[in-house]
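These protein sequences, in sequence, are chains A and B. For the first sequence, position 251 matches number 251 in the numbering used here, and the numbering has no gaps at all. For the second sequence, position 197 matches number 197 in the numbering used here, and the numbering has no gaps at all.
Do not rely on the hints blindly, as some may be mistaken.
To be verified - With a cut-off of at most 27 Å between alpha-carbon atoms, the simulated DSSO-like pairs for lysine-lysine come out as follows:
#1 B:Lys-160 to B:Lys-186
#2 B:Lys-262 to A:Lys-130
#3 B:Lys-160 to A:Lys-207
Claimed, not checked - Here are a few chain A residues that sit away from chain B, every Cβ distance over 12 Å (derived from the structure):
#4 Ile-96
#5 Ile-173
#6 Ala-190
#7 Thr-242
Unchecked claim - Quick list of the computed label-pair ranges, beta carbon to beta carbon:
#8 B:Gln-127 to A:Gly-143: 51 to 59 Å
#9 B:Asp-117 to A:Val-30: 29 to 37 Å
#10 B:Phe-132 to A:Met-206: 50 to 58 Å
#11 B:Leu-74 to A:Glu-325: 54 to 62 Å
#12 B:Leu-134 to A:Val-138: 33 to 41 Å
#13 A:Met-189 to B:Leu-257: 26 to 34 Å
#14 B:Asp-117 to A:Asn-149: 43 to 51 Å
#15 A:Lys-312 to B:Ser-120: 51 to 59 Å
#16 B:Thr-275 to A:Met-189: 26 to 34 Å
#17 B:Val-3 to A:Val-138: 26 to 34 Å
#18 A:Leu-14 to B:Ala-165: 57 to 65 Å
#19 B:Ala-165 to A:Met-189: 40 to 48 Å
Derived from the structure by calculation, the hints contain no laboratory data. A quick note: this is a predicted structure, and the numbers were derived from the prediction, not measured. Note that CB positions come from ideal geometry on N, CA and C, so glycine has one too.
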Amino acid sequence: MSVLLNRRTVVTGLILFAVLFPFVTRNDYVIHIMTLSFIWMIGVYGLNLLAGYTGYLSLAHAGFFAVGAYSLGLLTVEAGVNFWLALILACLFTGILGFLIGMIALRTREHFFAIYTLCVGYIIYLVIYKWDGLTGGVRGLIGIPAPSNIGPISFTSSISQYFLVLFFLLLTIFFIYRIVHSLTGRTFMAIRNSEDLALTLGISTMKNKLVSFVLSTIFAGLAGALYAGFVRFIGPDIGYITITFDLLIYLLIGGIGTMSGPIVGTLLIVWLSQYLQFLQDYRMLVFGPLLAFLIIFYPWGIVGIFQQWKQKRQARKARSIHQEENRKDEVELDAGVSADQEQVREG
Amino acid sequence: MEVLGQQLFNGLTIGSIYSLVALGLTLVYGILHIPNFAHGALYMMGGYITFTMMTVVGVHYWLAIFVSVVVVGLLGVLMERIVFHPLRDAPPIHDKIAAIGVLLFLEALAQWIWGADYQSLPTPYGQVVNLFGLTVTLQRVLIVVAAVLAMILLNLFLKKTFTGASIIAMSQNREGAHLVGINTNKVAMLTFMISGGLAAIAASLSAPINLVFPGMGHLVILKAFVIIILGGMGSIPGAILGGYILGFSESLGATYLSNDYKDIIAFVLLVIILTVKPTGLFARGGH
Chain A
1 MSVLLNRRTV VTGLILFAVL FPFVTRNDYV IHIMTLSFIW MIGVYGLNLL
51 AGYTGYLSLA HAGFFAVGAY SLGLLTVEAG VNFWLALILA CLFTGILGFL
101 IGMIALRTRE HFFAIYTLCV GYIIYLVIYK WDGLTGGVRG LIGIPAPSNI
151 GPISFTSSIS QYFLVLFFLL LTIFFIYRIV HSLTGRTFMA IRNSEDLALT
201 LGISTMKNKL VSFVLSTIFA GLAGALYAGF VRFIGPDIGY ITITFDLLIY
251 LLIGGIGTMS GPIVGTLLIV WLSQYLQFLQ DYRMLVFGPL LAFLIIFYPW
301 GIVGIFQQWK QKRQARKARS IHQEENRKDE VELDAGVSAD QEQVREG
Chain B
1 MEVLGQQLFN GLTIGSIYSL VALGLTLVYG ILHIPNFAHG ALYMMGGYIT
51 FTMMTVVGVH YWLAIFVSVV VVGLLGVLME RIVFHPLRDA PPIHDKIAAI
101 GVLLFLEALA QWIWGADYQS LPTPYGQVVN LFGLTVTLQR VLIVVAAVLA
151 MILLNLFLKK TFTGASIIAM SQNREGAHLV GINTNKVAML TFMISGGLAA
201 IAASLSAPIN LVFPGMGHLV ILKAFVIIIL GGMGSIPGAI LGGYILGFSE
251 SLGATYLSND YKDIIAFVLL VIILTVKPTG LFARGGH
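Taking the hints into account, I'd like the entire structure generated from these sequences.
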């Protein structure tokens, strides 16, 4: 009970902090970075569902991110569709594409899956880059409109954009939390732990893998669409493999397959990158080895380290209680034995 | 007809490079069952080290390649020791992620040392020669000859020497090799050394006709993956054959289909193959 209460207060505290944050800092630059990291978090949560909970490492996520971003950009700029409708359509389109690719990609396993998705990601990037007539090629898409007003609420200021993205992030987290703690989530984990065993238990692994894959691409598409509406300019670079690697780094450093990992990892690395700006393109000199080091020694990331520490502490507490009880038992037993002996002697 | 001949020769050149890279990748996969995403970074390092040896130290092209092979080979060994050896019992997803970490590190390192600019590698074999009625640069002829020579030597090494046979044995059955007294640690290190060396040869040979830059390994490694899936993961003849198939289809595709989309051919090929046969063509047993 106390654990639940504890978690609830932590979550409420974090949400309260996130809501109050822009009013506390009042710094547009900080709010901008924060909004951007929230967008990344949505994408990382999508990746986490697939790689962390279902055990399939997809390297096409930047591609789906770009598909979401370009769908929104093209719908609003070229077709003149309303932003909100375009946002829904962008997610839908990414989901459908994810479904089609997932149908084929999920027939492969492990290494083949990683290589397959790597190639799919590259194809998406190349198509965006080379299809000048539709996507604008290297020049990219300019002049994507900001989210249109909902009644009296407008989304022109940085604070309102921050809240918009925060809203979608909370929605994503809530959704992922409900999935992971449902039967479907358990099924995903069963597939992660042993696909053959899951199959033997009567789980339709293909169907569940596909659900996980499509959901994770939809989140990537949502993140991409929000990115397009926030940055207002997109180029083919957002579909390149480096973005997938960035998402992967956020996920791994936070903790793959954990609920809070994406938040921890993204915030840490995004802010660390801000402080390491003097390194610019060389930041991978730090993050590359960090990634390898973490996966060797702490495969569940920072959140994993914390959980391990908590578990150890609980185990120690449980052990000491247990020992005390044992000692008490022993004392009683001793007393019993000596009483018996005395009786024998007297007799 | 002349265009076709020219393109076929181009295909032979590109195919030779692809085969060399794919060979290194397939050897490592055969031994350790990891797709080494960092192999492209080794390729890139090979190009840069040859470049530095020639422009800064000023040694001859062949000596520069030799130094590059040794250095990149050692880099491969170091990678095996530091990163892949501790992960040998970890879930497969971990190797891949660690390899990506190494890849990112090496690329950033190259950019830090040599800058992000495109460099061109000077070659002493720039002259144009006439070969069976085709006008080609000597460097391209050299690529084909050197690559074929390297493949023959590798084959002899694997088939005729005891050390080579131990590599084959380990790729066939790791536990079995261990049981008959093969030092699997040493074999793994040796394999990484050969794999890095092959990548360095490929990069040094191709650098004069392409360019040297930090991202030069990206496309090559992706295509090498396509090749080893095409030829069967871990299969040596498959990697050579697959390399040439891809080389030819790319050079012909660039001429007769579309030059813009020539890089996509490999990936479309892969997507089709894995769609039809999810375990790759010529898959062995359970892999």
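We went through each hint and held it up to the structure:
1. B:Lys-160 to B:Lys-186: At roughly 19 Å apart (the allowed maximum being 27 Å), Lys-186 (chain B) and Lys-160 (chain B) satisfy the hint.
2. B:Lys-262 to A:Lys-130: holds, 11 Å
3. B:Lys-160 to A:Lys-207: The given pair, whose Cα atoms are some 50 Å apart, is violated under the 27 Å limit.
4. Ile-96: For Ile-96 (chain A), whose nearest Cβ neighbour in chain B is about 17 Å away, the distance exceeds 12 Å, so it holds.
5. Ile-173: Non-interface label on Ile-173 (chain A) holds, nearest chain B Cβ at 23 Å vs cutoff 12 Å.
6. Ala-190: holds, 15 Å
7. Thr-242: Thr-242 (chain A) not clear of chain B: closest Cβ-Cβ about 8 Å, inside 12 Å.
8. B:Gln-127 to A:Gly-143: 51 to 59 Å: Holds: the Cβ-Cβ distance is about 52 Å, inside 51 to 59 Å.
9. B:Asp-117 to A:Val-30: 29 to 37 Å: holds, 34 Å
10. B:Phe-132 to A:Met-206: 50 to 58 Å: The hint (50 to 58 Å, Cβ to Cβ) holds, given that Phe-132 (chain B) and Met-206 (chain A) are roughly 53 Å apart.
11. B:Leu-74 to A:Glu-325: 54 to 62 Å: Holds, at about 58 Å.
12. B:Leu-134 to A:Val-138: 33 to 41 Å: holds, 35 Å
13. A:Met-189 to B:Leu-257: 26 to 34 Å: Between Met-189 (chain A) and Leu-257 (chain B), where Cβ atoms are some 45 Å apart, the hint is violated.
14. B:Asp-117 to A:Asn-149: 43 to 51 Å: holds, 47 Å
15. A:Lys-312 to B:Ser-120: 51 to 59 Å: Holds: the Cβ-Cβ distance is about 57 Å, inside 51 to 59 Å.
16. B:Thr-275 to A:Met-189: 26 to 34 Å: The hint (26 to 34 Å, Cβ to Cβ) holds, given that Thr-275 (chain B) and Met-189 (chain A) are roughly 28 Å apart.
17. B:Val-3 to A:Val-138: 26 to 34 Å: Holds - the Cβ-Cβ distance for Val-3 (chain B) and Val-138 (chain A), about 29 Å, lies within 26 to 34 Å.
18. A:Leu-14 to B:Ala-165: 57 to 65 Å: holds, 60 Å
19. B:Ala-165 to A:Met-189: 40 to 48 Å: holds, 43 Å
Going through the hint list in order, the structure does not satisfy hints 3, 7 and 13.
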